[in-house]
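Assemble chain C onto chain V, guided by the hints.
In case you want the letters, here they are:
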Amino acid sequence: MTTLAVLPTPSIPAIGAPDGRPILAASDLHKRFGTTEALRGIDFAIARGEIVAVMGASGSGKSTLLHCLAGILRPDHGTVTFDGGRIDNLDEGRRSRLRRSAFGFVFQFGQLVPELSALENVSLPLLLDGVRRGDAEDRAAAWFPRLGLDGLEGRRPGDMSGGQAQRVAVARALVTDPAVIFADEPTGSLDSLAGEQVMELLTGAASDAGVSVVIVTHEPRVAAYAHREVVVRDGRASGPGAA
Amino acid sequence: MSVPHALLGLLRQQPRHGYDLKRLVDRYFAPDHPVAFAQVYATLSRLEGKGRVRMEAVEQAEGPERRRYAITPDGIDELDRWLVQPLDPEPHLQAALFTKVVLVILAGRDVTPIVDAERHAHLERMRELTAVRRTAAMPIALLADYALFHLEADLRWLDLTVARVDELRRTVLAPLETA
Numbered sequence: 015m016t017t018l019a020v021l022p023t024p025s026i027p028a029i030g031a032p033d034g035r036p037i038l039a040a041s042d043l044h045k046r047f048g049t050t051e052a053l054r055g056i057d058f059a060i061a062r063g064e065i066v067a068v069m070g071a072s073g074s075g076k077s078t079l080l081h082c083l084a085g086i087l088r089p090d091h092g093t094v095t096f097d098g099g100r101i102d103n104l105d106e107g108r109r110s111r112l113r114r115s116a117f118g119f120v121f122q123f124g125q126l127v128p129e130l131s132a133l134e135n136v137s138l139p140l141l142l143d144g145v146r147r148g149d150a151e152d153r154a155a156a157w158f159p160r161l162g163l164d165g166l167e168g169r170r171p172g173d174m175s176g177g178q179a180q181r182v183a184v185a186r187a188l189v190t191d192p193a194v195i196f197a198d199e200p201t202g203s204l205d206s207l208a209g210e211q212v213m214e215l216l217t218g219a220a221s222d223a224g225v226s227v228v229i230v231t232h233e234p235r236v237a238a239y240a241h242r243e244v245v246v247r248d249g250r251a252s253g254p255g256a257a
Numbered sequence: 075m076s077v078p079h080a081l082l083g084l085l086r087q088q089p090r091h092g093y094d095l096k097r098l099v100d101r102y103f104a105p106d107h108p109v110a111f112a113q114v115y116a117t118l119s120r121l122e123g124k125g126r127v128r129m130e131a132v133e134q135a136e137g138p139e140r141r142r143y144a145i146t147p148d149g150i151d152e153l154d155r156w157l158v159q160p161l162d163p164e165p166h167l168q169a170a171l172f173t174k175v176v177l178v179i180l181a182g183r184d185v186t187p188i189v190d191a192e193r194h195a196h197l198e199r200m201r202e203l204t205a206v207r208r209t210a211a212m213p214i215a216l217l218a219d220y221a222l223f224h225l226e227a228d229l230r231w232l233d234l235t236v237a238r239v240d241e242l243r244r245t246v247l248a249p250l251e252t253a
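Protein chains in written order, with my numbering: chain V, 15 to 257; chain C, 75 to 253.
What the hints contain is simulated information worked out from the structure, not anything from laboratory work. Since the structure is predicted, the reported quantities are computational estimates derived from the model, not experimental observations. Positions of the beta carbon are idealized from the N, C-alpha and C atoms, including for glycine. Any given hint could be a false lead.
Restraint ranges, calculated between C-beta atoms of paired labels, are given here [unchecked claim]:
(1) C:ARG238 with V:ARG46: 54 to 62 Å
(2) C:LEU216 with V:ARG54: 38 to 46 Å
(3) V:ASP164 with C:ASP240: 49 to 57 Å
(4) V:ALA71 with C:THR173: 20 to 28 Å
(5) C:ASP94 with V:LEU130: 54 to 62 Å
(6) V:THR93 with C:ASP240: 31 to 39 Å
(7) V:ARG153 with C:ARG238: 43 to 51 Å
Partial selection, computed: residues in chain C whose CB lies under 8 Å from chain V [claimed, not checked]:
(8) THR186
(9) MET200
(10) ARG201
Bound-form chain V, shown alone (with noise of 0.2 Å):
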C-alpha cells in the first residue's frame, strides 16, 4: 500500500496568492518578562492576503510575538507597522481601537460569551465598533452559511459542538472586514475532522476576502493550511520559511 505517496502535485494554489504588499511588519523586537526573555529581536512580515504560521516549541515566544504584533503587548525595543504606521508606540486606547476595526482573533477557546447566543457573539465586534444593532445582526448573519453554521444563529456556545463554537468565532473575527485574522492554536481543543474545517473555512473565508492571517500553532497539519511557516526558537526566527 501506497505510504508517503507521491501524490500529484494539484495545478491549482491551495489558497489565494498574496499580492506581496506587506501589511504588518515588525523590526527587532525584544520582550522581557521579568528574568525570562521572551523575544529576543525577532523580525516579521505577513504580505496583504497572506497566510503565515508561526511554528515553534512551548515557550519558544510564538504567542508573544502574536500579541506583539496584534498590539496586545507593546515590544520593550523594536517598532510593529501596520499598513505603513507605527503602533507599537500608540497609547492602550488607539491600539484597542485598531484592535476593534482592523484585526480579527481566534483563540484555542473561552474566546465566545457564554451568555450570548451566536448571532450576538458574532455581532458583538460590530456593536463595540458602534454599528447599529439591526444592522450588525444583519451583517453578522451573513456569515452563517458561509461557515456551515445555518440554523445555530440563536443558539448559545454552551449548546454547541467544540467544531461549531470555532466556526463561529471564525466568523466573529472575519464580521468587521479585517485586514489580519491572528489565529492562536485556532484547532487546538478540536478533533481532526473538526480542526480540518475550521481550517478550511478559516483561510478559505480568509482567502477570498483578501485577508493576512498568522496562525500560531505547533500542529504541521494546521501550519500546511499557510503559504509559509516561520519558526520561533528561543524567542528569534529561524528557518527557510522566516525568509
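For chain C alone, coordinates are given in the frame of chain V:
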C-alpha cells in the same frame, strides 16, 4: 501496495475482467503509480496457481479476448487473514532522518539548520497534499490524509529531536565503551 490483496479485495465484491481490475487498482490504491497491465495479469496468474482465484469465463466480442476472474474460498480465507493481521510498521523515512541527525552530530555540525530544512521540505509537501485533499475524490483525499499524518509524525519526531539534541549529542559523542 500489496497488489495480490488489492485484487482479491476487488474480486470479493464481484467477478471482474483483468482490465477492470487494473483500472480499479489505479483508482483506489495507486493514483500516483499506476500498475502495469502485465503486473495485474501476472499476479492473477499466480493467484490462480495458488487456487485463490479462478478464471470464470473467456469472452470475445469485437476486441481481444477478455478473461473474467472470480475469487475462490481459499482466496477469501487469504484475504481475511491479511486484513486482520497487523502490517509491519514502515519506519523508512524516520530511519533516514535519524541517520542524518546522527551523522550531523558526528560531524560536529549544528543540527538546527538541517532540521529546519527538513521541516520546510515536509511542510511544502504537506501544503501540496492539503491542496490535493481539497479537490480530490474521497479515495484520493483519504490517501492524502494518510500521507499527511505520516509526514506530521516525522515532524513531531524532528521537534522532539531538537528538544533533546544536547542529550543526543552527549550520547552520540560518548566513547564507544561507555555509550
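Hints versus structure:
The supplied range of 54 to 62 Å is broken by C:ARG238 and V:ARG46, whose beta-carbon atoms lie about 27 Å from each other. The given range of 38 to 46 Å is respected by C:LEU216 and V:ARG54, whose C-beta atoms sit roughly 43 Å from each other. Taken as a hint, the range 49 to 57 Å holds for the pair V:ASP164 and C:ASP240, whose Cβ atoms sit roughly 53 Å apart. V:ALA71 and C:THR173 have their C-beta atoms about 24 Å apart, which keeps the hinted 20 to 28 Å range intact.
A C-beta distance of roughly 57 Å is found between C:ASP94 and V:LEU130, which places it inside the suggested range of 54 to 62 Å. Between V:THR93 and C:ASP240 the C-beta distance comes to about 34 Å, which sits within the given range of 31 to 39 Å. Between V:ARG153 and C:ARG238 the C-beta distance comes to about 50 Å, which sits within the given range of 43 to 51 Å. For C:THR186, the suggested interface contact is upheld, since its CB lies about 7 Å from the closest CB of chain V, less than 8 Å.
Here the hint on C:MET200 is kept, as its CB sits about 4 Å from the closest CB of chain V, short of 8 Å. Checking C:ARG201 against chain V by beta carbon gives a least distance of about 5 Å; that is within 8 Å, so the hint holds.
Hint violations for this structure: number 1 only, all remaining hints satisfied.
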